[in-house]
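The chain contents come next:
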Amino acid sequence: MISLTIDGIRVQAEEGETILEAAKKAGIRIPTLCYLEGLSPRGACRICLVEVRNWGGRLVPSCATPVQEGMEVVANSPRLRELRRTILEMIFVERNHICAFCVSNGHCELQDLAMELGMDHVRFPYRWPLLPLDLSHEKYGIDHNRCVLCGRCVRACAEVEGAMTWGFSGRGIFTLVEADLGDPWGKSKTCTGCGKCVQACPTGALFEKGKATSEQVKKPEIIMEVTERRPRA
Amino acid sequence: MERVKEQVKEIVRPFAGKPTELIQALHRVQSVLGWLPREAQEVVAEVVGVPPAQVRGVVTFYHFFRTRPVGKHTIRVCLGTACHVRGAERVLNALREELGIEPGQTTPDGKFSVEVVRCLGCCGLAPVMMIDEEVYGRLDPRKARQIVREIP
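Chains as they are written, first to last, in the working numbering: chain A, 928 to 1160; chain B, 6 to 157.
Think of the hints as simulated: they come from the structure by calculation, not from any bench. Here a beta-carbon is modelled for each residue, glycine too, at the ideal position from N, C-alpha and C. Treat the hints with care, as some may be off.
[To be verified] Cross-link-like lysine-lysine pairs, in silico, DSSO-like; alpha carbons within 30 Å at most:
| no. | chain 1 | residue 1 | chain 2 | residue 2 |
| --- | --- | --- | --- | --- |
| 1 | B | K116 | A | K1114 |
| 2 | B | K116 | B | K77 |
| 3 | A | K1136 | A | K1114 |
| 4 | B | K14 | A | K1116 |
[Claimed, not checked] If you anchor each label on the Cβ, the simulated ranges turn out as follows:
| no. | chain 1 | residue 1 | chain 2 | residue 2 | range |
| --- | --- | --- | --- | --- | --- |
| 5 | B | V121 | A | H1048 | 36 to 42 Å |
| 6 | A | L1058 | B | V121 | 23 to 29 Å |
| 7 | B | D137 | A | E1086 | 44 to 50 Å |
| 8 | A | E996 | B | R123 | 34 to 40 Å |
| 9 | B | E7 | A | E1142 | 44 to 50 Å |
| 10 | B | H89 | A | K951 | 49 to 55 Å |
| 11 | A | F1101 | B | N98 | 33 to 39 Å |
| 12 | B | V121 | A | G1137 | 25 to 31 Å |
| 13 | A | L1058 | B | Q151 | 40 to 46 Å |
Kindly generate the complete structure, drawing on both the sequences and the hints.
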């Protein structure tokens, strides 16, 4: 067992566990976005940043940083709150997150985060990119305007379904989640139509067709449930 | 297209079943075809043994890889500091007008592709462009047009 402190509370964790997992067991809340239980951590969104006091105050993503003996972690502080809020604002301005017209309004992890972190307004200029909508799939749609590039869909598809349909194309602000060689989703030769990506998606970027504003409720926990039911070697 | 597929299969044979060699395989294909048509990407994915989405990711991430055909001649216009100061922008605009294409594009007749680069290493000749392996320096819009018109 490894001993560490999180926000001054003594915590015991297994070797190989992450700071986030240790905090969860100790009942300490760390906000996350790209992290999803049942998928490999990616450390992409930086919302779960924590400060390691005895590493010179270094900021690390708690979802992807293993615990170490004697670590003194700060998980909640005014500095972290401000950093997380700033990161969240940058995620918001990068695409077109207009809750009032979104299928996920009221059931959206991005929206929940904004409320949790007290993001009452945004201090950066919105980019308003003009991004496409792909409705070629029979059951689902993808709206890139609402995508936060967390990669939960990409990982669910690769790690749980094993189809490896989704991938990232381009780079930086031009990155898009696309199927196969950039094909319309409905034309994908690898997609099994399982819908795990839709359930894993934290926003309204991936949605079930036929859902109107606020009607899309996601079940990201199915990713964990599916992996738990699998026989282990 | 079938012929291209067979050709690509041949090129990437040494990388068959080696996902870690994906970039090498793509390099090899581009060095022969000049770009990476969709069909070639499909074959690479299959032979090398990676999902098509991953090939797409690599091809679109690295600027080196091209997903559009290149022309017979490649014009590289330098927009580095020295060339910028000496009017490279006007040279580029003259070529835009003369050829009717934007950087990164190829003329409809397949003769020229235009690329923008950052320094060709001969700032004393600024503003500079290269056409294939040839360097053209001390350009102005009129001179640049003239040079392009004279290329067979």
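Right, here's what the structure says about each hint:
no., hint, verdict
1, K116/B / K1114/A, "violated (34 Å)"
2, K116/B / K77/B, "holds (5 Å)"
3, K1136/A / K1114/A, "holds (17 Å)"
4, K14/B / K1116/A, "holds (20 Å)"
5, V121/B / H1048/A: 36 to 42 Å, "holds (38 Å)"
6, L1058/A / V121/B: 23 to 29 Å, "holds (25 Å)"
7, D137/B / E1086/A: 44 to 50 Å, "holds (46 Å)"
8, E996/A / R123/B: 34 to 40 Å, "violated (48 Å)"
9, E7/B / E1142/A: 44 to 50 Å, "holds (47 Å)"
10, H89/B / K951/A: 49 to 55 Å, "holds (53 Å)"
11, F1101/A / N98/B: 33 to 39 Å, "violated (24 Å)"
12, V121/B / G1137/A: 25 to 31 Å, "violated (46 Å)"
13, L1058/A / Q151/B: 40 to 46 Å, "holds (42 Å)"
The structure is inconsistent with the numbered hints 1, 8, 11 and 12, although it conforms to all the rest.
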